[in-house]
Amino acid sequence: MTAVTLETSTAAAPSRGPRGLLWAMLRLHCSALWFWALLMAVGVGTLLWAYGPGADAAWAEYRKVGCGGTAADLGCDFTVPAYSRYDTAVGIGAGILGLVPFLAAAWAGGALIGRELESGTAQLAWTQSVSPARWLAAKLAVPAALLTAGSLVLTLLHRMLWSSDGVLRMAMTSREWHHGITFQANGTLATAYALLGLAVGVLVGLLQRRTLPGLAIATAAQMALMAVTVALRPHLWPVETLTDKDEYPPFIGMVVGDGALTSTGARIEDPICVDNAKCLAEHDIVGFYRDYHPSSHFWPLQLVETGIVLAVAGLAVLAAFRLLNRRTGAAV
Amino acid sequence: MSTALPATAAPTTGRPPRGPRGLTWTVLRLHRTALIVWCLALAAATAVLIWMYAIGDEARRGMSGCATPATDGLPSCAAVDAITADETYSAFLGLITTSLSYVIFPVAAWAGGALIGRELESGTARLAWTQSVTPARWLAAKLAAPAVVLTAGTGGLLLVNLWARQDDDPNLVGDWYLPDVFLATGPTAVAYPLAGLALGALAGLLWRRALPAAGVGFAVTLALYNVLERYRDRLWPTATRSEQGEFELPRSAWQQDWDITWGRYPGEGTPVSTSATFHPRSHYWPLQYVETGIVLAVAAAATLAAFRLLRRRMP
Chain A
1 MTAVTLETST
11 AAAPSRGPRG
21 LLWAMLRLHC
31 SALWFWALLM
41 AVGVGTLLWA
51 YGPGADAAWA
61 EYRKVGCGGT
71 AADLGCDFTV
81 PAYSRYDTAV
91 GIGAGILGLV
101 PFLAAAWAGG
111 ALIGRELESG
121 TAQLAWTQSV
131 SPARWLAAKL
141 AVPAALLTAG
151 SLVLTLLHRM
161 LWSSDGVLRM
171 AMTSREWHHG
181 ITFQANGTLA
191 TAYALLGLAV
201 GVLVGLLQRR
211 TLPGLAIATA
221 AQMALMAVTV
231 ALRPHLWPVE
241 TLTDKDEYPP
251 FIGMVVGDGA
261 LTSTGARIED
271 PICVDNAKCL
281 AEHDIVGFYR
291 DYHPSSHFWP
301 LQLVETGIVL
311 AVAGLAVLAA
321 FRLLNRRTGA
331 AV
Chain B
1 MSTALPATAA
11 PTTGRPPRGP
21 RGLTWTVLRL
31 HRTALIVWCL
41 ALAAATAVLI
51 WMYAIGDEAR
61 RGMSGCATPA
71 TDGLPSCAAV
81 DAITADETYS
91 AFLGLITTSL
101 SYVIFPVAAW
111 AGGALIGREL
121 ESGTARLAWT
131 QSVTPARWLA
141 AKLAAPAVVL
151 TAGTGGLLLV
161 NLWARQDDDP
171 NLVGDWYLPD
181 VFLATGPTAV
191 AYPLAGLALG
201 ALAGLLWRRA
211 LPAAGVGFAV
221 TLALYNVLER
231 YRDRLWPTAT
241 RSEQGEFELP
251 RSAWQQDWDI
261 TWGRYPGEGT
271 PVSTSATFHP
281 RSHYWPLQYV
291 ETGIVLAVAA
301 AATLAAFRLL
311 RRRMP
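Respectively, the protein sequence lines represent chains A and B. The opening position of the first sequence corresponds to residue 1 in UniProt numbering, with each subsequent residue numbered one higher. The opening position of the second sequence corresponds to residue 1 in UniProt numbering, with each subsequent residue numbered one higher.
Bound-form chain A, shown alone:
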């Protein structure tokens, strides 16, 4: 960190490229930056391969086994090699997006904050011309910008694939819009969770002030937070309801719940009478309902969850700044 102040105070002409805190950040976490670039290259490469040759091979094979004709039955429900390769490639792209929040939390808790506080390099930086608040702001802003850029690129590529492989995907029934990783990779959530990982990691790093416990606890905290928000997901937007007199309505979209209806319109737990008329009359059952989210709820669900995740991330950042301020307030 000394290099920064020396350079800016003694050099007459400002040097080119990033300077000051930004330069220090990029220099210090050079290997993380390379890793991020490599991860993005792998993700982009895999998704582009799937979009081009991968999809072509899957289509050729799909037609070869006789699916897509008039009688789509035998073998069409079985994942064939070329399609499974295609599916693996898409899975790797989406999987990288799913892994990023945990990597961000682990890195932020360990390398970004925990190590600096453990080894004392943070305190050294604060004795230079860098205030603790500006130090933390740089620590947050630079990774946040890189995480956002990378995640958005992968999300856009994943959306491009999603809009082009509809028929193939439906025939193989391998992925649905509401499946966990697919849901996140198709919208703003992948980016929001990556930013949450960064914020959680920074807060845990400041609390723990040690490298390895910071890493472990940040990862565990991110897992716990994500388990909660994923469990809340179906309840973040009003559901649509299908009703039917004699049997259950079709099973479509993200199903939230189902049961039986009485003549007063009350919802009760299905006593499973099936076709027993006496049993149905006894329980006063006149129909059945099913609550679900159609695919048109994708964006409302996506945006509400993104809002919640970003709000939690914002709270974590606020807590981090207040903690740092309280801890260093006396010294400054």
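Just so you know, the hints here were simulated from the structure itself, not pulled from any lab data. Beta carbons: idealized from backbone N, C-alpha and C, even for Gly. Be aware that a few hints might be false.
What the hints assert, rightly or not - The calculated label-pair distances, taken between Cβ atoms and stated as ranges, are:
{"no.": "1", "chain 1": "A", "residue 1": "Asp284", "chain 2": "B", "residue 2": "Thr270", "range": "48 to 54 Å"}
{"no.": "2", "chain 1": "B", "residue 1": "Ile36", "chain 2": "A", "residue 2": "Trp23", "range": "39 to 45 Å"}
{"no.": "3", "chain 1": "A", "residue 1": "Ser131", "chain 2": "B", "residue 2": "Ala301", "range": "46 to 52 Å"}
{"no.": "4", "chain 1": "A", "residue 1": "Leu315", "chain 2": "B", "residue 2": "Met63", "range": "19 to 25 Å"}
{"no.": "5", "chain 1": "A", "residue 1": "Ile268", "chain 2": "B", "residue 2": "Tyr231", "range": "50 to 56 Å"}
{"no.": "6", "chain 1": "B", "residue 1": "Ser273", "chain 2": "A", "residue 2": "Glu269", "range": "47 to 53 Å"}
Got chain A; can you put chain B on it based on the hints?
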């Protein structure tokens, strides 16, 4: 790393203290947080599995055939559907099974970061070597104590898991060829974490810094896990079945390839012939043994490389 203290203090008291001593004691004492976390995780998993065994019979009743109204031999559908134990049973057994197949990842990150990388980074390893401990013995203790703890833990949990799964009904506990089920029901469950330990330790010795070693250990095991998952079906020759017309394989067969020869009009009517390659249930043990062998070979190679590296660096 004040290891030498109990060892030198022992003679003065006249009799050796009870429990583990010397290097083993140091390793356990230094990594007591990890040891406590491991024991708590094992205890929680065992408790869940015992609970699953207790509701196992009811879960099986919840999956049985039914009739409305109840007829001879078949319970009424209302009674069967009212049973929710089968969902609880599936969900919790699935959670334990997946967790057991993922133990390799935290083990590798811990071995690279906390076990080896941090000691070399902070210099406590060199301090230990100036005591009466040679580098080779130091590494041996670092590997042996966690290996014993890991083997005992995963082996015990594996047996409890098999006991809780009872008759392996695929509707309740998943088919044998699902990646996590395969890795949590055989000797691979014990072999994988050991490979994680060895690879993590090697990463720690190579990088000599806590965080990069933890990251590299995690990445290497992630690669190993995915490569073996991808090529698992090739670890033993598949069986082939070809017939005129069409046929279906039983659910217990792990289908690999499916080839249909159509007549003049593809997709219409009955195909001329069908050929399928698959792994029958009887290939479970050969596949397990080959994969366990590969994973243990990786662990042995990593351990050997770690000792050679240490010796070359410390003449």
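Right, here's what the structure says about each hint:
1. A:Asp284 to B:Thr270: 48 to 54 Å: Holds - the Cβ-Cβ distance for aspartate 284 of chain A and threonine 270 of chain B, about 49 Å, lies within 48 to 54 Å.
2. B:Ile36 to A:Trp23: 39 to 45 Å: 42 Å, holds
3. A:Ser131 to B:Ala301: 46 to 52 Å: 51 Å, holds
4. A:Leu315 to B:Met63: 19 to 25 Å: 44 Å, violated
5. A:Ile268 to B:Tyr231: 50 to 56 Å: 52 Å, holds
6. B:Ser273 to A:Glu269: 47 to 53 Å: 50 Å, holds
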